[in-house]
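> What follows is each chain in one-letter form.
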Amino acid sequence: MSSQLVDMNADGHKDILVGSFSGVPQLIHGNKDGYGQPEAILDSTGETVLIQAFWNKYESKWDDTDRAGSEGHCTSVAAVDWDHDGDLDLLLGDYYGGRLFVRMNEGTASEARFAKVNQPVMSGGEPGVIKDGLAAPRVVDWDGDGLFDILCGGSKGGVFLYRNKGKQDSPEFATSVTLVEPLKGKPNAFIKQVPSIDGRPTLPGSSYHIDPVDYDGDGDLDLIVGARSQWLNENVKVLTQEEKEKVASLKEQQASLMEDYQAMMAAAKTDEQQQELLESKEQAELATKLSDIMGELRKLQPNPNSSGDFVWLLRRK
Amino acid sequence: MPVQFRNFLWVLVLGVGCTWMMPAFAQQALSEIKTTSTDNDGVEFNNKLFHAPEMIMVGELPLNNKARQMYPSPVMFDVDNDSRVELVVGDIFGSLNVYENQNESATGEPVWSKHVPLESTDGQPIKVSNW
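Sequence lines, in order, name chains G and W.
According to the working numbering, the stretch in the first sequence is residues 1 to 317, in order.
According to the working numbering, the stretch in the second sequence is residues 1 to 131, in order.
Think of the hints as simulated: they come from the structure by calculation, not from any bench.
Errors might be hidden in some of the hints.
To be verified - Simulated crosslink set (DSS-like; lysine-lysine; CA at most 27 Å straight-line):
hint : chain 1 : residue 1 : chain 2 : residue 2
1    : W       : K114      : G       : K14
2    : W       : K48       : G       : K14
3    : G       : K299      : W       : K127
4    : G       : K165      : W       : K127
5    : W       : K66       : G       : K317
6    : G       : K184      : W       : K48
7    : G       : K131      : W       : K127
8    : G       : K32       : W       : K48
9    : W       : K66       : G       : K32
As the list claims (entries may be wrong) - Far from chain G by the CB rule (all over 10 Å, computed), these chain W residues:
hint : residue
10   : R68
11   : D78
12   : N81
13   : D82
14   : Q102
15   : E104
16   : S113
17   : K127
Claimed, not checked - What follows is a list of derived Cβ distance ranges for each label pair:
hint : chain 1 : residue 1 : chain 2 : residue 2 : range
18   : G       : I197      : W       : M70       : 20 to 26 Å
19   : W       : K48       : G       : A284      : 51 to 57 Å
20   : W       : H51       : G       : K184      : 17 to 23 Å
21   : W       : Q124      : G       : D7        : 20 to 26 Å
Values in this document were obtained by computation on a predicted structure and should not be read as measured data.
Just so you know, even glycine gets a beta-carbon here, dropped at the ideal spot from N, CA and C.
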C-alpha cells in the first residue's frame, strides 16, 4: 500500500497519501475539520507523478511516458525524507516490474516541487527488484539503527527488506533480504492455493500489502498483511458420467467461440476498430453465448476453489 | 472503454482464455479463475522471525467479511485525531474503511469495531482506487 498518514505540506494537519491502481499517487488533504477528496500528485511542471503507464482520465485512455522504463500500472507510494533536507520525497513501487523509484522533492516542506523524473532505488549497487512483482513498499526503521529501511510486500506473497546502510542524507541499501518467503506451490499460479480449516484459509496467498506495527504492544514490530487467498472447498461435487460429457461438450463450444472472438479481435487493428467491434451486434451476441455457456458450466461444475481477501497478523517471535 | 479495463471485464465475465491480449493484471485474475488444483500445492508457512499468520477478526468473523474489499491494504494510524489508533483499509475499487479500536485499556491487542467508510468534510465517502 499505500495509505500513509503524513503531513505532506507542513501545515500541521495530517494528510493521507495513497498509491493507486491508475498509476498516479493521490493525496487526501487534511484540514482542521477532517479530509478533502483525493487529488493527483503533480510534479514541478504540473504533470502527474507516475512511473510510466497511467490512466489519463481527461482523455479516458491509457497513456505512456518514457520517464522510467517501467510500466507503473498499480503504483504504490510512501513519503520519506530521502536526503534529510527537511521535506518529503516520494518512494514509488512498481507492481509488475517489482522496481522501486524515488521522486525527489526539490521544493520545501510546505511547498513541494517534485522532480520530473524518477531515480531508481539502488540495492547492492544495482537497481533493486522484487522478483515476481511488488505489492507495496513501506518505510520503517526495521533494525533500530536510526536510518529508515524499506520493507516490501511481494505480488506473489513474501516480505522483503532493503536495509539502509548509508547515512542520514544519503541512504544506501544492501541487497534485499527475504523476511518471509513467498509461498511455494504451482510456479506459474499468480495466487497460491493455501490450506483451509472450516472453510477459511489458514495463510495469506498473494499481493501482500504490509504495515509494520507493534500490534501486540510487546516492543517489537509485527506485520499486518492484507492479502488475497485461494483455497479448496470442502465437499466438492463429484460429476456423474452424463454430467462429465455435458461439461466436455460445453467446453468445446466455449473454445470454439473463443477462437471466433480472438479472430475477431485480431482483425481489429486500431483502437477505433476495436471500439467499433466492442459496440457491434456480433460482439454482443458472442458475449451472450459465452456467458450462457459459462452459466451452464458453473451450474454443472461448481468451482472447487474459493477465494477471498483477508487481513492477517504476522506476530514477531 | 480502455483496453485494460475491457480485458479485465472479459476475464471477470467469461473466466476463459484470450491471454494473448491481456495485461498482467487480467492474467492474474484469469490465473485465479483457472487454478482449480485439488490439493494445497505443498504450501506451508515456516519462518524464523514470525509465528504462523493469524487472521484478524471483528468479533467472530474475519475482518473483511462484511466489507469485501479486494486486495485490501491495511494500515494502522490515528485517522480521526482522537489519540487512538484505527485500522484503515483501502482497496482496489476505491473504498477506504475505518475500524475503531474498542480496547480502551493501554495494554493488550486491538479489538476492532465494525467498519465505517472514511468520509470527507462534505460527508461523502472518500473514494480512491488504492494500491
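> Now, for every hint given, state plainly whether the structure supports it.
Going down the list of hints, with the structure as the test:
A hinted pair counts as satisfied when its Cα atoms are at most 27 Å apart, and K114(W) with K14(G) qualifies at roughly 24 Å. Simply put, K48(W) and K14(G) have alpha-carbon atoms about 36 Å apart, too far for the 27 Å limit, and the pair is violated. Restraint check for K299(G) and K127(W): the C-alpha separation of about 35 Å exceeds 27 Å, so the hint is violated. The suggested pairing of K165(G) with K127(W) is violated, with an alpha-carbon distance near 38 Å, which exceeds 27 Å.
For the hint linking K66(W) to K317(G), the alpha-carbon distance of about 31 Å lies beyond 27 Å, and the restraint is violated. Between K184(G) and K48(W) the CA atoms are separated by roughly 17 Å; this keeps the pair inside 27 Å, and the hint holds. Under the criterion of a C-alpha separation no larger than 27 Å, the hint pairing K131(G) with K127(W) is inconsistent with the structure, at around 31 Å. Distance check on the hinted pair: K32(G) and K48(W) sit about 44 Å apart at the alpha-carbon level, beyond 27 Å; violated.
The hinted pair formed by K66(W) and K32(G) fails the criterion: a straight-line CA distance of about 31 Å is larger than 27 Å. The Cβ of R68(W) does not lie farther than 10 Å from every Cβ of chain G; its closest approach is about 8 Å, which violates its non-interface assignment. Under the 10 Å C-beta cut-off, the non-interface status given to D78(W) relative to chain G is violated; the minimum distance is some 7 Å. At roughly 8 Å from the closest C-beta of chain G, the C-beta of N81(W) falls inside 10 Å, breaking its exclusion from the interface.
Listed as outside the interface, D82(W) is consistent with that label: its C-beta sits roughly 12 Å from the nearest C-beta of chain G, beyond the 10 Å cut-off. Every CB of chain G lies more than 10 Å from the CB of Q102(W), the least distance being 15 Å, so the non-interface label holds. Every beta carbon of chain G lies more than 10 Å from that of E104(W), the smallest distance being close to 14 Å; the non-interface claim holds. With 10 Å as the threshold on Cβ separation, the claim that S113(W) sits away from chain G holds: the shortest Cβ distance comes to roughly 14 Å.
Not every CB of chain G lies more than 10 Å from the CB of K127(W), the least distance being 8 Å, so the non-interface label is violated. Under the hint 20 to 26 Å, the C-beta atoms of I197(G) and M70(W), about 23 Å apart, fit the expected range. Here the CB-CB span from K48(W) to A284(G) is close to 56 Å, well matched to the stated 51 to 57 Å. The hinted window of 17 to 23 Å between H51(W) and K184(G) holds, with their beta carbons roughly 19 Å apart.
Under the hint 20 to 26 Å, the C-beta atoms of Q124(W) and D7(G), about 23 Å apart, fit the expected range.
Comparing the model with each earlier hint shows violations of hints 2, 3, 4, 5, 7, 8, 9, 10, 11, 12, 17; every other hint is respected.
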